[in-house]
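2 protein chains.
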Amino acid sequence: MILAKQSPLTRKLSAFVALSEAELAVLERLHQRRRIFAAGRDLVHQGQSDQAAYILSSGWVCSYKVQADGTRQVVDFQVPGDFLGLRSVLLRTSDHSFEPIVTIEAAEVLKSDLLVAFAQTPRLATAILWAASRDEAMVVEHLVGIGRRDADARMAHFLLEIGSRLALVAMGNKEGYACPLTQYHLADALGLSAIHVNRILRQLREAGLMTFRKGHVTFDDYEGLVKLAEFDPAYLDQTGPLLK
Amino acid sequence: MILAKQSPLTRKLSAFVALSEAELAVLERLHQRRRIFAAGRDLVHQGQSDQAAYILSSGWVCSYKVQADGTRQVVDFQVPGDFLGLRSVLLRTSDHSFEPIVTIEAAEVLKSDLLVAFAQTPRLATAILWAASRDEAMVVEHLVGIGRRDADARMAHFLLEIGSRLALVAMGNKEGYACPLTQYHLADALGLSAIHVNRILRQLREAGLMTFRKGHVTFDDYEGLVKLAEFDPAYLDQTGPLLK
Chain A
1 MILAKQSPLT RKLSAFVALS EAELAVLERL HQRRRIFAAG RDLVHQGQSD QAAYILSSGW
61 VCSYKVQADG TRQVVDFQVP GDFLGLRSVL LRTSDHSFEP IVTIEAAEVL KSDLLVAFAQ
121 TPRLATAILW AASRDEAMVV EHLVGIGRRD ADARMAHFLL EIGSRLALVA MGNKEGYACP
181 LTQYHLADAL GLSAIHVNRI LRQLREAGLM TFRKGHVTFD DYEGLVKLAE FDPAYLDQTG
241 PLLK
Chain B
1 MILAKQSPLT RKLSAFVALS EAELAVLERL HQRRRIFAAG RDLVHQGQSD QAAYILSSGW
61 VCSYKVQADG TRQVVDFQVP GDFLGLRSVL LRTSDHSFEP IVTIEAAEVL KSDLLVAFAQ
121 TPRLATAILW AASRDEAMVV EHLVGIGRRD ADARMAHFLL EIGSRLALVA MGNKEGYACP
181 LTQYHLADAL GLSAIHVNRI LRQLREAGLM TFRKGHVTFD DYEGLVKLAE FDPAYLDQTG
241 PLLK
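Chains A and B are the protein sequences, given in the same order. Residue 8 in the UniProt record's numbering is what sits at position 8 of the first sequence, and the numbering runs on without skipping anything. Residue 210 in the UniProt record's numbering is what sits at position 210 of the second sequence, and the numbering runs on without skipping anything.
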């Protein structure tokens, strides 16, 4: 039975540590200030100070940096259960912007809320540090992947990673997942042109590996795709049998 | 007056939060198991499980990933005051390796030590989360820089970033800093050939901007170098006047 109070973040952190009733209650209180945000309007601007962090409970968000020449570089996407701007709330000045891709629900978390929660339960502090470490591991994986993987392996790796992240919050499995990203998002994230993205997706479909259509990613041959991408999910630390 | 017990990590975290006597004592206890490690022998191997984290108190370390094809990709360098493998100790499997560049001194920290320390002082947990967030911000900055900056701006940005990090632990300033990196390290880190690195360093020297010679980086024209690199240190969250 899924309890109503089991937010995606709770599910995610539970993959790292078995939270007690008291810890669950503290985590739940962090979700108090829930708000709805419309697609396309930044939650947090790059360079903004004294902003809050947010816990995303539904919808997808794009985080990006604006370059000196005005172009946008996608850093990552956030899915339910992810923090938005956790590092920014601690680093004072946000080093990137967050834009909801669809209408989202997110709970505002102030630095003081975090301090209070950590004082109440140090295990929760460790769990949140785990989540931050996992985010960093993903960025490192992207950094390494950018120069090394061919465009088709990069695409496959990206969509498999998102699938694993969604599986952690019970929103995806080895069959696939609902995905609101456009081909433009994929192009920005992978450093490819939209035309190139289109061609690669067609190749992957024709090879019987996966299909991305009408807001849904379908893994037609999960193991084949893993092989193409050389996808080893160890860096996501989801050692349980999550994708099944 | 600098107290003997002011380790580089203590100095670094003090830039984020004014630590009380009690918090300093807890932080000091994390430094108990100090060990010396020789250059060139990995502290932590990629894929290793149940490893400890380390607090680096002297010397420099290179963190890298080994690719499926056997090549090495440098992720970052660690300087005194940095954690080695903080995210790995939480993520169970290390996603990268650590190799001392010179003889180093580092204190071993187990996951259980962290939990005990966090239970004693939640403000310390927040400070360590701050340090982890700052590390992530650096990786994001590298990710964005890789495709966007010319080789000379990339080199300048890299050496300025290291300078700012060292300034935080009183090991560098706007004049320069001692640097044990070789041109091969620079080449690996910046995705350039050793010959290319050599040429860029000569150009920067001939332009009167900086000199890298005999294990020392000298900023001949700090502001000029900042301008070339478009270096904005906000992501390092060192809002105090550190470089002076």
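Hints may be right or wrong, so weigh each one.
One copy or two, it doesn't matter: identical chains are merged, so the pair holds either way.
Mimicking SDA-like on lysine to any residue, the simulated pairs with C-alpha atoms at most 25 angstroms apart in a straight line are [said to hold, decoys possible]: (1) Lys-227 / Ala-68; (2) Lys-214 / Gln-6; (3) Lys-65 / Ile-146; (4) Lys-111 / Arg-11; (5) Lys-227 / Glu-206; (6) Lys-227 / Val-66; (7) Lys-111 / Ala-234; (8) Lys-65 / Lys-174.
The hints are simulated quantities; they were obtained by calculation from the structure and are not laboratory data. Source: prediction; values computed, not measured.
Hint-by-hint comparison with the structure:
For a Cα distance limit of 25 angstroms, the shortest separation of Lys-227 from Ala-68 across copies, 12 angstroms, qualifies, whereas the shortest one inside one copy, 38 angstroms, does not. Taking the closest pair of Cα atoms, Lys-214 and Gln-6 never come within 25 angstroms of each other, the shortest separation being 29 angstroms inside a single copy and 58 angstroms across copies. Proximity of Lys-65 and Ile-146 under a CA criterion of 25 angstroms is satisfied in both settings, with 16 angstroms inside one chain copy and 13 angstroms between copies. When the C-alpha separation of Lys-111 and Arg-11 is checked against a cutoff of 25 angstroms, the pair qualifies both within a copy, at 22 angstroms, and between copies, at 22 angstroms.
For the homomeric pair Lys-227 and Glu-206, the shortest alpha-carbon distance inside one copy (16 angstroms) is at most 25 angstroms, but the shortest distance between copies (49 angstroms) is not. For the identical chains of this complex, Lys-227 and Val-66 are inter-copy neighbours only, at 18 angstroms across copies versus 34 angstroms inside a copy, given an alpha-carbon limit of 25 angstroms. With identical chains, the CA atoms of Lys-111 and Ala-234 are at most 25 angstroms apart between copies only, with a shortest distance of 19 angstroms across copies and 31 angstroms within one. Taking identical chains as interchangeable, the C-alpha atoms of Lys-65 and Lys-174 are never at most 25 angstroms apart, the minima being 31 angstroms within one chain and 27 angstroms between chains.
In the structure shown, a violation is registered for the earlier hints numbered 2 and 8, in ascending order.
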